[in-house]
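Participant: Sequences and hints are given; from them, build the entire structure.
Just so you know, the sequences run in chain order A and B.
Residues 1 to 553 (my numbering) are what the first sequence spells out, left to right.
Residues 1 to 106 (my numbering) are what the second sequence spells out, left to right.
Note that these hints are calculated values from the structure, not bench results.
One or more hints might be untrue.
Stated by the list, open to error - In silico EDC-like links for lysine to aspartate or glutamate, alpha-carbon gap of 16 Å or less:
| # | chain 1 | residue 1 | chain 2 | residue 2 |
| --- | --- | --- | --- | --- |
| 1 | B | K59 | A | E34 |
| 2 | B | K59 | A | E30 |
| 3 | A | K32 | B | D66 |
| 4 | A | K246 | B | D66 |
Claimed, not checked - Heads up, incomplete: computed chain B residues facing chain A, CB under 8 Å, no partners named:
| # | residue |
| --- | --- |
| 5 | R25 |
| 6 | T46 |
| 7 | A49 |
| 8 | T73 |
| 9 | F99 |
As the list claims (entries may be wrong) - Stretch-level coverage of chain B by chain A, calculated; a stretch enters the list once three of its residues show a Cβ under 8 Å from a Cβ in chain A:
| # | segment |
| --- | --- |
| 10 | 59-69 |
| 11 | 75-84 |
Beta carbons are placed, not taken as given, at the ideal position from N, Cα and C, and that holds for glycine.
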Amino acid sequence: MYRYDEFDETLVRERAKQFRGQVERRLKGELKEENFKPLRLQNGVYLQLHAYMFRIAIPYGQLSAKKLRQLAMIADKYDKGYGHFTTRQNIQFNWIKLAEIPDALEALADVEMHAIQTSGNCIRNVTSDHLAGAAFDELEDPRPWCEIIRQWSTFHPEFAHLPRKFKIAVTAATPDRAAVKVHDIGLLMKKNEAGEAGFEVLVGGGLGRTPYIGLTIRDWVSKQDLLSYLEANMRVYNRYGRRDNKYKARIKILVNELGEAEYRRQVEEEFANQNAWEKVVLPQEEIDRITAYFAPPKFETLPTKSTTLDGAIAVDRHFARWTKNNLRAHKVPGYTAVHIALKPQGVAPGDASSAQMRAAADIAEKYGLDDIRVAHEQDLVLPHVKLDDVPAVYAALKAADMHASNAGLGSDIIACPGLDYCNLSNARSISVANEIQALFADPDFEDEVGTLHINVSGCINACGHHHVGHIGILGVDKKGEEFYQILFGGRADEKATIAEIQGPGLKHEEVAPALKRVIARYMELRTSKTEKLADTMTRLGQAPFKEALYASA
Amino acid sequence: MSSERPKLGPDIPKVITGWISATGRVVYLTKDRDWSENLLDAEVLTGPAAVDVLAWASKDQTRATDPYFMQVTPDGKVAGRETIRETIRAKGPTNHPMFGKQAGNN
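Facilitator: Following this line, the structure appears as structure tokens:
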């Protein structure tokens with residue numbers, strides 16, 4: 001894990017001190033809200049429906065036990081004892097007082113954390129594969145590149161006032177677990193014909209009111225040239241991205257208005273014409289220095305199979321189900337990655353109490369090489385657990401009520417906070433998600449349905465990624481009533497697809513019964529249990545599912 | 001990206017609501033130009049002069065942030081197309097009833 005150097009330490013401390021002064025001036029009336037708002041947003045502070053919301057950066061979703069315990073402390077001391085993990089691998093607190101946020105920032109600085117790049121029109125917190133460094137199917141660990149991009153982009157003066165926010169995701173694996181095709185820039189590590197590792201650069205993906213899949217603007221760029229090539233993209237966007245209309249200000253609009261070829265031409269021209277003094281050609285020593293922070297932990301030499309684990313599976317069917325659904329393959333024999341689904345029935349997706357955060361921290365420290373990840377599916381992951389320790393991990397998770405056995409299944413729903421918290425939202429997301437979860441209360445039924453991604457957003461801004469769910473649900477306001485548009489056929493992986501809206505919106509209480517009919521139709525029509533809903537829809541078209549959606553109960 | 005509220009004509013009964021600047025708690029403007037967390041304390045405004053009251057409230061930034069008109073019934077209950085939003089805002093999140101004002105939290 002990256003450790004702060006003296007520059008990072010100074011930077012976050014001074015930032016916290018600076019914000020303390022800004023808050024004091026605001027509360028004394030020396031700063032008007034219109035002047036203060038951009039300052040608070042640069043520190044992750046929003047004003048939401050009930051209170052201020054404080055968003056804390058978790059770079060590429062990686063936490064240590066110490067960091068997670070500090071988040072639990074903040075939840076208890078400054079909030080209401082829980083936090084909400086987001087689809088951008090960050091955490092939000094919903095009830096914090098403005099006057100106390102500087103203290104919380106100081107507490108974050110104590111554990112090398114901050115709220116920089118969590119809001120505003122800058123390059124946001126870089127996200128990545130939650131299995132980075134553990135996945136058997138990755139080319140190499142993408143985290144050093146996330147960290148290099150973080151250091152390059154943090155307070156980059158040229159990109160501090162972009163037309164709109166800018167999101168970058170990096171993955172080094174196929175399948176894509178980081179949804180890189182729906183980011184402003186997605187970086188996919190791959191080898192060129194000479195066998196050198198570099199990056200495919202996808203630009204112009206995104207969700208929100210105008211969803212697009214990113215286009216491959218360059219098939220391969222070298223590691224040394226990555227930052228220069230990113231700068232070329234950022235410069236074209238900064239120069240020509242629209243600033244007259246915030247709804248058309250994201251880079252996806254620019255790419256699509258210019259056209260793929262013209263956008264690529266402009267970027268390549270900018271890249272080729274960078275002066276030597278402004279090119280950021282990464283020295284190998286610097287790449288090595290950052291990479292060293294992410295050196296693999298000292299894994300033990302273990303057998304591929306664990307008799308301890310197999311024995312526990314044989315005698316406990318609940319545990320057996322959990323291992324089937326929540327364990328992920330690891331690159332080192334005798335290890336696994338454990339998916340902690342923060343989606344038990346009836347709980348807001350992504351919410352964790354301070355007690356649960358502490359429990360996860362304890363488990364990670366004892367059994368997980370002190371490594372915890374936040375997945376964009378709003379779950380936690382322990383990337384490095386010995387197979388022999390899995391029964392003990394499960395028991396500890398069960399004691400903390402964190403043993404939902406539904407990772408990747410129908411009740412593992414992505415949902416934004418919706419109208420219960422968000423000042424922008426049109427409709428509630430959490431309650432709809434909870435009603436859909438109830439369809440899968442029978443674990444045998446949920447297992448029979450298999451992999452199913454249901455994503456819920458409370459408004460067109462799409463924080464709940466409704467465009468890329470196998471089933472997407474979008475909350476809309478119709479003359480003061482909550483309605484929900486249903487979308488089919490989306491996916492966020494390497495075959496990323498934007499889902500299609502089916503027709504008229506449904507009332508809140510109609511959503512879960514309608515989805516029940518759609519799922520029944522899917523189970524009738526799929527060729528096998530491994531055929532995902534999106535694949536069945538590709539094979540047969542969406543008409544049979546639309547018919548089920550709108551059929552009377 | 002947009003938290004703009006619906007425009008309310010002069011004849012529609014309304015109150016002024018905002019957030020306490022220091023805490024972010026939801027408040028309503030009272031007749032004596034104070035801010036209360038209880039909607040029942042709010043002054044119900046009608047007529048063109050309401051705009052002047054909102055202008056005054058907008059200048060009271062040290063105490064309250066981002067005030068706006070919220071539609072109510074003549075006797076001060078939440079009304080209009082934002083009834084769900086303003087009811088949740090007044091009482092608390094429906095998924096966490098133990099945290100909102102509906103649970104008597106201060």
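Participant: None of the hints should be skipped; say for each whether it holds.
Facilitator: Checked hints:
Proximity of B/K59 to A/E34 is assessed by CA-CA distance (about 11 Å); at most 16 Å being required, the pair is judged to hold. Taken as a hint, the B/K59 and A/E30 pair is honoured in the structure, with Cα atoms around 12 Å apart against an allowance of 16 Å. At most 16 Å may separate the alpha-carbon atoms for a hinted pair to count; A/K32 and B/D66 meet this at roughly 11 Å. With a C-alpha separation of about 20 Å, the suggested pair A/K246 and B/D66 falls outside the 16 Å cut-off, and the hint is violated.
With a cut of 8 Å, the hint placing B/R25 at the interface with chain A holds, because the nearest CB-to-CB distance is about 6 Å. Contact between B/T46 and chain A, as hinted, is not supported at the beta carbon level, the nearest pair being about 20 Å apart and thus beyond 8 Å. Hint status for B/A49: violated, given a least beta-carbon distance of 24 Å to chain A, over 8 Å. The interface hint given for B/T73 is violated, since its Cβ lies 14 Å from the closest Cβ of chain A, which is over the 8 Å cut-off.
Of the supplied interface hints, the one on B/F99 holds, with its beta-carbon coming within about 5 Å of a beta-carbon of chain A, less than 8 Å. Under the rule that three or more residues need a Cβ within less than 8 Å of chain A, the assignment of the segment 59-69 of chain B holds, with 4 such residues. Using a Cβ-Cβ cut-off of 8 Å, 5 residues of the segment 75-84 of chain B lie near chain A, which meets the minimum of three, so the contact claim holds.
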